[in-house]
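The listed protein sequences correspond, in order, to chains A and B. According to our numbering, the residues represented by the first sequence are 1 to 498, in order. According to our numbering, the residues represented by the second sequence are 499 to 751, in order.
These aren't lab readings, by the way, just hints derived from the structure by calculation. Think of the CB as a built atom: it goes at the ideal place given N, C-alpha and C, for glycine as much as any other residue. Do not take every clue at face value.
[Unchecked claim] Quick list of the computed label-pair ranges, beta carbon to beta carbon: (1) Gly637/B - Ala465/A: 47 to 53 Å; (2) Asn645/B - Leu490/A: 22 to 28 Å; (3) Leu490/A - Ser526/B: 32 to 38 Å; (4) Leu397/A - Asn645/B: 46 to 52 Å; (5) Arg600/B - Ala48/A: 50 to 56 Å; (6) Ala533/B - Leu19/A: 30 to 36 Å; (7) Ala465/A - Asp571/B: 49 to 55 Å; (8) Ile385/A - Asp571/B: 32 to 38 Å; (9) Ala533/B - Leu490/A: 27 to 33 Å; (10) Ser691/B - Arg15/A: 34 to 40 Å.
This is what each chain is made of:
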Amino acid sequence: MALKTSWMISLKALRRNKLQTALTMIGMTIGVATVLTMIALGSGAQAAIQDQVKAAGMNLIIVKAGNYQLQQERAPDDAIENGAVDPESQPLNRWSDGVYKAGERRMRAAFFHPEDDPFAVHDHPTSRQRLGDAEAGLGAAATLTIADADAIRKIGGVQYVSEGIHENAHVAYGGQRWFTRMHGDDVSMPKIKRAWVFTHGGYFSKRQETNSEQVVVLGSIVAEKLFGKDNPVGKTVTMWNQPFKVEGVISSSNWMVSPAAGDDEFDAVYIPVTTVQKLLNLSKLNDITITTESTGNVTRVSKDITDLLRGRHNIAFKTPDDFQVISQARKALTGGGMQADMQRSVMGNAAGLEKVTLEQLGKTLDRASATMTALLASIATVSLIVGGIGIMNIMLLSVTERTREIGIRRAVGARAQDVLLQFLLESITLSVAGGLLGIAIGFAVSLFVSRILQWSTQISPLSVALSFGVSAAVGIFFGYYPAKQASQVLPIASLKYE
Amino acid sequence: MTTTPVISIRNLTKTYQMGEVAVHALRSVSLDINAGEFVTVIGPSGSGKSTLMHILGCLDQPTSGQYLLNGKDVSHLSDDEVSSVRNSKIGFVFQGFNLLTRTSALENVELPLLYSGTPVSASERRSRAMAALESVGLGSRHEHHTNQLSGGQQQRVAIARALLNNPSILLADEPTGNLDSRTSVEVMDIFQSLKEERGITIVLITHEHDVAAYGSRIVAFKDGVIVSDELNEQRRAARNELADLPVPVAETA
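Looking at chain A on its own, in the form it has when it is part of the complex:
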């Protein structure tokens, strides 16, 4: 017998036994709705935690052109501080006159540095020997290119990458002029800066970036200075005597960060990096901003970026980097007006410290997620088993109740397997229909919870697929036994049944 016919028979039987149908479906619906809501709440909480960590910038990496670290390691800097005790009283002062006038203070100090003593004999290379003059100047070199950024995009675990060129520029509209920061960026910048909100329009598009179009996104301070309260979208502003069409205005979505004149984010304008390179005739970048998919990945991705760029820049073994990879944690450790020597000693340990904290944080988050998932999975399992047992009970009852019906079907020629299939399809239909209804209710409840209680919820396609699959599986698993019972009813016994 065709499956379609069996299914039709099952549907008719379900329609005939409305109470049984309703009861069974309710059990399944509640089960699936519970599971879905639980998963939605759980993964919402997980995502919220991840978001908070990410919003703190823990997954942010900035690659800067040049390497200022090298300068810090240079001995003469130390020498000045160590040596500048009382320069005037030093009898050796006059000897420096003919050597190097411009850096007299430095040269003077250099005499006091053991490594810079031209007559000293060392058993290790001096800092100047280690670095060489040419390399010592690399601190200011612009070495990063868009091709570098594209290569970084291909590293596993990298989420967003934005090239960056930063200049100061005069922006003019009508009679108004405003001197501000100009950032040449990639389209992914709003996703990296999570706390942005567009008060007008939006960001420039990938196509506009590819075509190096002259479009600009204004920070809210710039928009206010040039346009007052008017909507600037669609208007044209001038920079470097070039027209730029305004695409949008950004402001802060975070009450903790309010835009102020002079800040780097909102008193600023954003232009496609390609446009900046074309107009200013540049081929290099100031920096590349990267976010990783997971906070636990920051150290690994940082190392990958370093290896990649060293390879791309053909930097020989033991030669220092011509760029600097900074993660947010490192920045936090060394920022905030820390004393220079303190900063330096912290920096020496920063790599290790950062590795430990970020990896531990990542692992802790992963462990918390795993615990949460296990908890949700066990709740889900229990409620689905309860739903399934409900189906089995009601189906078993209905087999007893419908013995007569089974007998009639057997008498007119239904085979045992036809009856089995009918009852199995009934329970599958019930559980799948109940499951679908449960998914709808789960969606509704999750929406309600996130709207009314302001809890974050997240319904992934996976959890929907899972609930659906599990409800179908429950239908088959718990429907089989009653269906088997039904098929074993003897045709003769069922006709005597009253």
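Go by the hints and put chain B onto chain A.
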């Protein structure tokens, strides 16, 4: 008799085990029924007539002996094969009608077609079921659910269902047991006309001599054996009796 009998049973025995006691429902029964016969089987309760009907209808299997249906031994077939025989060769009419509740008359009649070996399209199912319902005079009531029909109408739906696959035999187990006298006669009229006009073989089981008298041959059972088997010379004719009966109050649907 040159043609093979439709039903041919030889030394049929059926023994039920009721706890410690063995109940001999049938004791070596042999019987031949030819095509177009209207056989009524009569006997008191416990005489084995119902057991015979269950075995004839392939609802039960004999303990020993042979049952040939259209010359083919059906007494020891597998469950699937027996189901197929029930579907295509046998039509049942029961005392309790045995219709699906909360289901329209049409869908009840369609039922055997859902289980036929060759798939039948929905439209063909419908048209064949309609034709069968019309032949028992219920074409206008095909949408009615079984609980909206009178006993006589329900039994007619059951007869339409039994006839749908053009079975070799029609088995009726106390078909008038739950009906009043007039509708009983109406049902018997249907059986008689099926025999006369379409030559359908009918085996009817009853414990009432009045009802048995409608058959063309009467087989009497007692204690699991046949006590008499004779042609019925004084057949009652249901149609003539109907004409004589007072016109009933119009049936409310």
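*Can you give the numbers of the hints that this structure goes against, from lowest to highest?*
Going through the list in order, the structure violates hints 3, 4, 6, 8 and respects the others.
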